[in-house]
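Taking the hints into account, I'd like the entire structure generated from these sequences.
One-letter residues, chain by chain:
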Amino acid sequence: MKAFTEHTGKIAVLNRANIDTDQIIAKDFLKSIKKTGFGEHLFHDWRTKDDGRLNPDFELNQPRFKGASILIAGNNFGCGSSREHAVWAVLQAGFHVVIAPKKKINNDVIPGFADIFRNNSTKNGLLTLELKEEQVNELIHLVEAHEGLKATVDLPAQKIILQFTNGYQAEGEREFSFEIDPGVKQHFLEGLDEIGRTLKYDKKIAQFEKTHSAQMNK
Amino acid sequence: MIQIMPKTLFDKIWENHVVTVLPDNSVLLYIDRHLVHEVTSPQAFEGLRLSGRKVRRTELTYATMDHNVPTVDKQNITDPIAKAQVEALEKNCAQFGVTLYGLDSDKQGIVHVIGPELGLTLPGTTVVCGDSHTSTHGAFGALAFGIGTSEVEHVLATQCLVQTKPKTFRVNFEGKCANGVTAKDLILKLIGVIGTAGATGYVLEYTGAAIGRLSMEARMTVCNMSIEAGARAGLIAPDETTFNYISTGNRPYAPKGKKLEESIAFWKTLRTNNGAKYDREITIDVSKMAPQVTWGTSPGMVTDVSGVVPKPGEVSGLTATDVEKALQYMGLTPGQKITDLKVDVVFIGSCTNSRIEDLRSAAAVFKGRKVKQGVTALIVPGSEPVARQAEREGLDKIFKGAGAQWRQAGCSMCLAMNPDKLKPKERCASTSNRNFEGRQGKGGRTHLVSPEMAAAAAIEGHFVDIRTWR
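As given, the protein sequences belong to chains R and P, one line each in that order.
For the first sequence, my numbering assigns the number 1 to the initial residue and increments by one for each residue that follows.
For the second sequence, my numbering assigns the number 1 to the initial residue and increments by one for each residue that follows.
Please keep in mind that the hints were generated in silico from the structure rather than gathered at the bench.
Any given hint could turn out to be false.
What the hints assert, rightly or not - Using 30 Å as the maximum straight-line C-alpha spacing, the simulated DSSO-like pairs for lysine-lysine come out as follows: (1) P:176 x P:288; (2) R:49 x P:311; (3) R:103 x P:325.
To be verified - Listed next, with one range per pair, are the computed distances between beta-carbon atoms: (4) R:94 x P:97: 38 to 44 Å; (5) P:397 x R:207: 55 to 61 Å; (6) P:250 x R:107: 46 to 52 Å; (7) P:50 x R:104: 56 to 62 Å.
Glycine residues also receive a C-beta, built at the ideal position from the N, C-alpha and C atoms.
Written out as structure tokens, the structure reads:
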């Protein structure tokens with residue numbers, strides 16, 4: 001995968017909870033044996049009407065989000081199947097970063113992303129950022145108030161820096177910091193070849209296999 | 001005196017499989033069984049080809065095709081893209097030396113049905129597959145979880161995965177279920193209580209008297225839907241029920257004779273020690289539980305069959321907008337009785353509920369009755385061996401006699417990648433695992449239920465409370 005240090009782009013909002021992988025990339029597009037060609041089918045059933053025309057009511061079809069590369073979604077984004085095609089579709093539709101809220105309801109925490117989707121994203125260089133619910137609400141509010149709002153995601157500094165340009169009521173910058181697992185951060189900064197790294201442990205794996213086979217009685 | 005730290009079942013399996021700890025504190029986890037199917041593997045094999053890598057342990061890797069398979073005449077795939085995907089798996093298995101149970105095999109079927117059938121799924125092992133319902137195999141006390149295609153390639157090349165240690169979550173099902181309340185209802189109830197992200201970051205361990213009484217098939221139903229609660233995996237400690245399943249039937253990869261005895265001695269150690277700590281625990285009393293029916297577009301949107309469609313704003317953990325969207329898609333109004341909902345299609349199948357016991361329970365409902373006029377009922381066995389067993393028992397005749405369709409093995413209308421699809425606005429009582437928008441066909445409306453509940457809905461044309469219906 002390519003290394004990720006910083007990304008600047010327009011923000012789009014799709015504020016729905018539990019967006020599942022069937023919505024992200026419908027099963028009709030899983031039959032390909034290639035890794036490309038998924039971007040145009042992102043959110044197909046929401047994006048298009050039954051007659052195949054664009055659905056103007058769908059959030060991401062609004063002209064103000066055209067060309068966006070940072071997506072804000074609701075909590076538990078990417079739940080459902082393990083299909084990595086979902087991550088390929090998000091990336092190939094032009095998104096580099098997805099932001100989702102970590103919600104607290106009573107004592108329960110609802111994470112921003114589903115486990116397998118998040119894992120798959122990391123392997124492909126799609127940055128998934130979990131922010132506090134208040135932060136995400138404020139971000140959404142600012143995007144609503146400032147058409148075409150852009151942000152820079154600075155991974156080494158762990159910051160999202162909003163850029164207000166002249167002509168808007170608010171001018172200047174506004175920052176949000178985020179947390180990220182140090183291992184995942186390193187993975188993105190290096191553009192890690194994970195299989196290549198694991199293969200360097202070949203001797204350890206072979207050694208493990210000898211004792212493990214005996215123990216597992218295989 | 002040496003004090004031994006009490007461990008959970010999960011801890012024991014995890015520790016047995018850590019090859020090494022990596023600099024970032026993740027671990028290389030060894031994988032004992034890698035199951036492969038046609039949809040999530042072609043790009044992984046292509047990755048191996050491009051980098052000149054081989055499959056490290058072909059004898060631990062097994063493939064079948066299930067997602068794309070037509071269920072009327074499975075050899076005859078008319079969709080050229082689906083056909084190309086199935087042929088790609090044949091070609092990849094031949095080229096890389098992987099055993100394939102293909103469309104001409106008498107062992108072919110849904111990957112999570114055939115793994116246990118073949119004796120590939122064993123207690124204490126790690127099992128992965130490019131499919132989220134790999135959690136099914138946890139019913140045997142195996143640490144089993146779904147992975148993406150990059151990870152499929154990683155396992156093919158290295159027989160390991162890079163993993164961070166998940167937390168543990170004990171779900172204790174206490175009490176005795178009423179007649180008509182099944183494993184499917186237990187897991188749907190749990191998801192309703194903790195939510196579809198309630199177990200994200202955790203491995204669930206199911207315990208308690210209600211779990212101990214379940215057959216292996218029923219335990220697989222419970223573990224299968226662990227992913228619908230967001231969990232990495234679901235586990236049930238192996239016991240006599242598990243050992244009996246493994247030592248009987250035609251299971252070519254299960255240990256036999258002295259090896260089996262030694263294995264059972266080891267498997268008996270795979271229990272959570274007294275005093276071991278879980279990160280989270282919950283107890284659910286099953287004795288007053290009703291059969292469950294989902295009303296929305298996420299498995300956590302579920303209620304008792306005796307209940308009503310809820311009002312937006314009155315569902316805990318969900319915003320009014322999310323509930324409104326779900327009800328609009330489902331064509332439902334708050335306050336409607338669940339038992340008043342009419343169904344157009346009934347689907348009995350999928351890796352959740354397509355095993356022999358599921359078919360027997362459905363057949364017991366269909367026997368001597370007729371599918372309601374206007375309702376289409378599809379019975380899709382999970383595998384060729386399940387289909388043959390059902391036919392030996394005459395279940396196929398009961399289904400056909402009732403006016404239901406007896407199909408060939410595959411994933412079928414669980415995800416509708418093959419020709420079995422709902423039409424827009426068709427309402428379906430389904431034994432599958434996901435009621436997402438469009439899951440069973442664009443615009444289709446899915447209600448998740450147990451096999452008995454689905455069969456009874458087929459007879460009456462609407463949902464009924466199976467506890468009082470019989």
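Consistency of the hints with the structure:
Pair hint residue 176 of chain P plus residue 288 of chain P holds up; C-alpha atoms about 9 Å apart against a cutoff of 30 Å. Between residue 49 of chain R and residue 311 of chain P the alpha-carbon distance is near 27 Å, which keeps this suggested pair within the 30 Å criterion. For the given pair, residue 103 of chain R sits about 20 Å from residue 325 of chain P by alpha-carbon distance, which is consistent with the 30 Å threshold. The hint said 38 to 44 Å for the Cβ distance between residue 94 of chain R and residue 97 of chain P, and at roughly 39 Å that hint holds.
Our hint of 55 to 61 Å for residue 397 of chain P and residue 207 of chain R holds, since their Cβ atoms are close to 56 Å apart. A hinted range of 46 to 52 Å for the beta carbons of residue 250 of chain P and residue 107 of chain R is consistent with their spacing of about 49 Å. For the hinted restraint 56 to 62 Å between residue 50 of chain P and residue 104 of chain R, the CB-CB distance of approximately 44 Å leaves it violated.
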